[in-house]
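> Using the hints provided, position chain U relative to the given structure of chain R.
Sequence order for the protein chains is R and U.
First residue of the first sequence: 17, per the numbering used here; consecutive thereafter.
First residue of the second sequence: 17, per the numbering used here; consecutive thereafter.
Please note that a few of the clues may not be correct.
The list treats identical chains as one, so a pair stands whether inside a single copy or across any two.
DSS-like cross-link-like pairs, simulated, lysine-lysine; straight-line CA separation at most 27 Å [what the hints assert, rightly or not]:
1. 66 x 194
2. 207 x 278
3. 207 x 18
4. 207 x 247
Bear in mind the hints are in silico, worked out from the structure with no lab data behind them.
Number of protein chains: 2
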Amino acid sequence: MKLSDAQVRQFHEEGWLFLPETFTPEEIAVLREEALGIYDQDRPEIWREKSGAPRTAFAAHLYNEAFALLGRHPRMIEPIEQLFGEQLYMHQYKINAKAAFTGDVWQWHQDYGTWLRDDGMPEPRAMNIAVFLDEVMPINGPLMLIPRSQHHGNLAAGHDLSTTSYPLWTLDDDVVTKLVEEGGIVAPTGKPGGLLMFHGNLVHGSAPNITPYPRKIVYLTLNAVSNHIRKPTRPEWIAHTDFTPITPCADDALLQYARQWKQAAE
Amino acid sequence: MKLSDAQVRQFHEEGWLFLPETFTPEEIAVLREEALGIYDQDRPEIWREKSGAPRTAFAAHLYNEAFALLGRHPRMIEPIEQLFGEQLYMHQYKINAKAAFTGDVWQWHQDYGTWLRDDGMPEPRAMNIAVFLDEVMPINGPLMLIPRSQHHGNLAAGHDLSTTSYPLWTLDDDVVTKLVEEGGIVAPTGKPGGLLMFHGNLVHGSAPNITPYPRKIVYLTLNAVSNHIRKPTRPEWIAHTDFTPITPCADDALLQYARQWKQAAE
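Next up, chain R with everything else stripped away, as it sits in the complex (with noise of 0.2 Å):
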């Protein structure tokens, strides 16, 4: 898969790029499912809100061989090889439930501001990638975009520990209310499959989820190998340490994974 110059344009000038339906809904089924059993398990890489409902689940592509599957797909690799000109490893990959109800609140923040502080990673040169496993509406708690904010750099942060369980650099209302007065807000919507990626630098966030729509998506960060980090402080399982590059899986893994299993379900 290739991106168009537009694509391309598109990304370098407002920071995201959407591609709706990447990924059908039978790919999409399999994770969907393998989703609730991880977080039904009880491992130091499933985080949870205060309420107790699923946060996020790191690492799942290291112990589940649906989201390997999805880490390495040449859907998602691909575009991104194209927009960096080099090989990637994966940075993070998080699956995150917001959900019904309980999903609560990601502030607003740059990715890149965690990375270099927490881990050293030389420049904003990863790509923050959302895969839709539930449809995102505009009231499920979508991701909400800044558009250009990435031109602005690394934008100085605190270090917010306590509205949520996760700790997160997060920006004051005055930053944002002028990034916004620039660039406005977007918060691409659509159905599960769809797949947004966005600079590292891109401001973002997301608010609450209080409908009975869960709204996961699996967030993960792609950086290209020659911008591995170099000070890692937080766990492997939080900020990987193995650079070695993505080999892309064929185009129909997942969909061929997914047929077995649905048999196997049967």
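Showing chain U alone in chain R's frame:
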């Protein structure tokens, strides 16, 4: 202003009706400015979020001329008299801030639950009205309604005294899930000046607002005079006991006030 047969039918079936741009930009501008002045005051009618930001200001029609005119405006009074077939009085009058960045959740609830339990209102023959003072967008915490949920009558509810600064009789997640399976969720959005009305038993809520866009609405309750409350337990400025029927003002009264106000300000 008279509702069409189709609008009357929609209200009775779906439980809500949205009349976009019912008030003009000139009329809304004065209300929006006056609201900011009201929030700056230190008086018991003004309740704040846990953050200190304004959450709601009660009874502004009793101490502010512009909001007094809105409270007896024929574009609001006449359609509701048409639906109820009798005259109205003001049961409650709030300016809800849903402030930028800090506006907190209103959990899923029915308003009649409170009017029944706390005020002794005989029947759900009071109308909820939201007049938009700011643009209401999908991303700044719009009111979310569950269409047709009013047909279930008064549902069992628990008294939530801790989630926000406002005590509320809220519904359980499994009840909300079932209602949403039947009716879905709508979140009417639009420019300042829009008027949304909905049944006292219609289940509704709104998510926090984490954007820089404030979402102020005037949120008021007009009760059929014969349905006046019987056992008030809340302060007079929360649940009024003046049951005098409202005499509508002239259709241009708020506009004339706005023009004088603007002249005086220049």
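> Indicate which option fits the pair residue 207, residue 247 if close means a Cα-Cα distance not exceeding 27 Å: within, between, both or neither.
For residue 207 and residue 247, the Cα distance exceeds 27 Å both inside one copy (38 Å) and across copies (49 Å).
> Is it within, between, both, or neither for residue 207 and residue 278, if the alpha carbons may be no more than 27 Å apart?
Close inside one copy (21 Å), not across copies (48 Å); limit 27 Å.
> Should residue 207 paired with residue 18 be assigned to within, between, both, or neither, using CA atoms and 27 Å as the limit?
For residue 207 and residue 18, the Cα distance is within 27 Å only inside one copy (22 Å; across copies 40 Å).
> Treating 27 Å as the Cα threshold, decide for residue 66 and residue 194: within, between, both or neither.
between (31 Å within a copy, 25 Å between copies)
Consistency with the previously given hints fails for number 4 only.
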